[in-house]
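First residue of the sequence shown: 608, per the numbering used here; consecutive thereafter.
No lab work stands behind these hints, which were simulated from the structure alone.
Certain hints may be false.
Straight-line C-alpha distance at most 27 Å; calculated DSSO-like pairs for lysine-lysine [said to hold, decoys possible]:
no.	residue 1	residue 2
1	Lys618	Lys667
2	Lys667	Lys621
3	Lys616	Lys679
4	Lys634	Lys680
5	Lys667	Lys680
Restraint-style ranges between C-beta atoms, simulated for each label pair [stated by the list, open to error]:
no.	residue 1	residue 2	range
6	Val691	Pro623	12 to 22 Å
7	Gln649	Asp687	29 to 39 Å
8	Lys618	Glu664	14 to 24 Å
9	Pro704	Lys621	30 to 40 Å
10	Val694	Gln651	30 to 40 Å
11	Lys618	Glu641	14 to 24 Å
Model, not experiment: these values are computed from the prediction.
Glycine residues also receive a C-beta, built at the ideal position from the N, C-alpha and C atoms.
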Amino acid sequence: MFILTVEIKTKSAKRPDFIEAIIENAKGSNQEPECIRFEVIQHQDDLDRFTLVEVYESEKSLDAHRGTSHFKKYASVSTDFFEVPPVRTGGAFIFTPING
608 MFILTVEIKT KSAKRPDFIE AIIENAKGSN QEPECIRFEV IQHQDDLDRF TLVEVYESEK
668 SLDAHRGTSH FKKYASVSTD FFEVPPVRTG GAFIFTPING
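Using the sequences and the hints given, assemble the complete structure.
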């Protein structure tokens with residue numbers, strides 16, 4: 608499995624637009640056959656901060672995700688939402704209860 612986390616800081620005025628766009632992207636992503644899960648977390652201490660947790664069968668699955676219409680739509684509208692550029696970190700589980 609391949610995991611991508613994305614740390615996002617939105618502009619306060621753009622937060623509602625970001626939430627709408629990321630939920631649409633997350634719903635589409637969770638329908639992809641090789642997406643294990645796509646979660647959106649809003650931080651309690653700063654409502655403009657979000658963490659995306661994306662779990663795919665492989666890094667190749669993530670590449671396929673980036674070619675989907677829902678991702679392309681999100682990517683085309685999201686650049687104006689961010690206070691600072693998102694920070695992306697990829698990795699692999701060393702432990703997870705998913706799939707045993």
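Hints and how they fare:
With a CA separation close to 32 Å, the supplied pair Lys618 and Lys667 exceeds the 27 Å bound. Between the alpha carbons of Lys667 and Lys621 the distance comes to roughly 31 Å, so the proposed pair goes past 27 Å and is violated. Taking the CA atoms of Lys616 and Lys679, the gap is about 20 Å. The hint holds against a cut of 27 Å. For the suggested pair Lys634 and Lys680, the alpha carbons sit about 13 Å apart, so the restraint of at most 27 Å is met.
Between Lys667 and Lys680 the alpha-carbon distance is near 20 Å, which keeps this suggested pair within the 27 Å criterion. Judged by the Cβ atoms, the range 12 to 22 Å given for Val691 and Pro623 holds: they are separated by roughly 19 Å. Under the hint 29 to 39 Å, the C-beta atoms of Gln649 and Asp687, about 19 Å apart, miss the expected range. At roughly 34 Å, the beta carbons of Lys618 and Glu664 sit outside the given window of 14 to 24 Å.
Distance hint check for Pro704 and Lys621: the Cβ-Cβ separation is about 36 Å, which falls inside the suggested range of 30 to 40 Å. Judged by the Cβ atoms, the range 30 to 40 Å given for Val694 and Gln651 is violated: they are separated by roughly 19 Å. A hinted range of 14 to 24 Å is violated for the C-beta pair Lys618 and Glu641, which are about 32 Å apart.
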